[in-house]
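All chains should be built: construct the whole structure from the sequences, respecting the hints.
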Amino acid sequence: MAGHSKWANIKHKKAATDAKRGKVWTRLIKEITVGARLGGADVAANPRLRLAVDKAADANMPKENVTRAIQRGSGGLEGVNYEEVRYEGYGIGGAAIIVDCMTDNRVRTVAEVRHAFNKHGGNMGNEGSVAFMFKHCGQLLFAPGVDEDKLMEAALDAGADDVVQDDEGGFEVLCDPFAFAALKDALEKTGFKAEVAEIIWKPDAETVLAGEDAIKMQKILDALENLDDVQEVSTNALIEE
Numbered sequence: 001m002a003g004h005s006k007w008a009n010i011k012h013k014k015a016a017t018d019a020k021r022g023k024v025w026t027r028l029i030k031e032i033t034v035g036a037r038l039g040g041a042d043v044a045a046n047p048r049l050r051l052a053v054d055k056a057a058d059a060n061m062p063k064e065n066v067t068r069a070i071q072r073g074s075g076g077l078e079g080v081n082y083e084e085v086r087y088e089g090y091g092i093g094g095a096a097i098i099v100d101c102m103t104d105n106r107v108r109t110v111a112e113v114r115h116a117f118n119k120h121g122g123n124m125g126n127e128g129s130v131a132f133m134f135k136h137c138g139q140l141l142f143a144p145g146v147d148e149d150k151l152m153e154a155a156l157d158a159g160a161d162d163v164v165q166d167d168e169g170g171f172e173v174l175c176d177p178f179a180f181a182a183l184k185d186a187l188e189k190t191g192f193k194a195e196v197a198e199i200i201w202k203p204d205a206e207t208v209l210a211g212e213d214a215i216k217m218q219k220i221l222d223a224l225e226n227l228d229d230v231q232e233v234s235t236n237a238l239i240e241e
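Residue numbers in the sequence shown follow full-length UniProt numbering, run continuously in steps of one, and reach 241 at the last position.
Just so you know, these hints were derived from the structure itself, not from any lab.
Fair warning: this is a prediction, and the values are worked out from it, not measured in the lab.
It is possible that part of the hints are untrue.
What the hints assert, rightly or not - Dumping the calculated DSSO-like pairs for lysine-lysine here, alpha-carbon to alpha-carbon at most 27 Å: (1) Lys55 / Lys202; (2) Lys119 / Lys189; (3) Lys219 / Lys202; (4) Lys135 / Lys63; (5) Lys189 / Lys55; (6) Lys55 / Lys135; (7) Lys193 / Lys119; (8) Lys119 / Lys55; (9) Lys23 / Lys119; (10) Lys23 / Lys193; (11) Lys23 / Lys202; (12) Lys219 / Lys119; (13) Lys216 / Lys202; (14) Lys23 / Lys216; (15) Lys119 / Lys202; (16) Lys189 / Lys63; (17) Lys202 / Lys135; (18) Lys202 / Lys63; (19) Lys219 / Lys23.
Following this line, the structure appears as structure tokens:
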């Protein structure tokens, strides 16, 4: 992480998220709807739904919007039936990209994703072409200044797989996706609230891009992020400012 401010990037990402809150709410409604459909409407018993509802609260989504999405997903209200699809591909310098989508029209979505890759110099790959370069895990990030010993003890006692300190003094707590909700709750009860808490595709290694390559790669990522059917874009590219 030397030379790259994770915490500056997090603040920038939060500001960008706030700037496009309408799109964020739309994505969260889809996630809540699908989470309720697959795992039921009981937030306490459905970790995936719980994560989506927590994100909705962080994004200041009105509770009535959340309630309607849960009802729609669990069959209480009529609505669009979304399905999950994942696409994989390559960006600049062979950097890997995973694109998670929710759609009611696969033909439309795959065409839009392929166009975003091709237009900006990337290539859409086959299923499994890059996923092996990532680990699916829960991630909680804590800003510099946290008590290392207390955080490590609390995290490991609560089921974390690893606690890693970065060059800036911040901490990354990693866990199995299925242990994420319980770990997050346990840490908050002991006074540790993460700056970022989510289930991610974490790359095994990063591809550093700078200059023109960084600019081109960012264009690919932005094009994918801006598609209506895209929920999340993950990459192993580390883009230097």
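Each hint, compared with the structure:
1. Restraint check: the Cα-Cα separation between Lys55 and Lys202 comes to about 19 Å, which is no more than 27 Å; the hinted pair holds.
2. Proposed proximity of Lys119 and Lys189 is contradicted: the alpha carbons are some 47 Å apart, above 27 Å.
3. Distance hint between Lys219 and Lys202 is fulfilled; the C-alpha atoms sit about 21 Å from each other, no more than 27 Å.
4. Between Lys135 and Lys63 the alpha-carbon distance is near 33 Å, which puts this suggested pair outside the 27 Å criterion.
5. Straight-line distance between C-alpha atoms of Lys189 and Lys55 comes to about 18 Å, which keeps the hinted pair within the 27 Å bound.
6. In summary, the hint linking Lys55 to Lys135 is supported, as the alpha carbons are separated by about 22 Å, within the 27 Å threshold.
7. As the CA atoms of Lys193 and Lys119 are separated by approximately 40 Å, the hinted pair breaks the 27 Å bound.
8. For the suggested pair Lys119 and Lys55, the alpha carbons sit about 32 Å apart, so the restraint of at most 27 Å is broken.
9. Annotation: proposed proximity of Lys23 to Lys119 holds, straight-line Cα distance about 23 Å (limit 27 Å).
10. Annotation: proposed proximity of Lys23 to Lys193 holds, straight-line Cα distance about 26 Å (limit 27 Å).
11. Restraint check for Lys23 and Lys202: satisfied, since their Cα atoms lie roughly 24 Å apart, inside the 27 Å limit.
12. Of the pairs offered as hints, the one joining Lys219 and Lys119 holds, with about 9 Å between alpha carbons and a cut-off of 27 Å not exceeded.
13. Of the pairs offered as hints, the one joining Lys216 and Lys202 holds, with about 22 Å between alpha carbons and a cut-off of 27 Å not exceeded.
14. Annotation: proposed proximity of Lys23 to Lys216 holds, straight-line Cα distance about 24 Å (limit 27 Å).
15. Restraint check: the Cα-Cα separation between Lys119 and Lys202 comes to about 26 Å, which is no more than 27 Å; the hinted pair holds.
16. Between Lys189 and Lys63 the CA atoms are separated by roughly 23 Å; this keeps the pair inside 27 Å, and the hint holds.
17. For the hint linking Lys202 to Lys135, the alpha-carbon distance of about 5 Å falls within 27 Å, and the restraint holds.
18. For the hint pairing Lys202 with Lys63, the CA-to-CA distance comes to about 31 Å; that exceeds 27 Å, so the pair is violated.
19. For the suggested pair Lys219 and Lys23, the alpha carbons sit about 19 Å apart, so the restraint of at most 27 Å is met.
Hint check: violations occur at hints 2, 4, 7, 8, 18; the rest are consistent with the structure.
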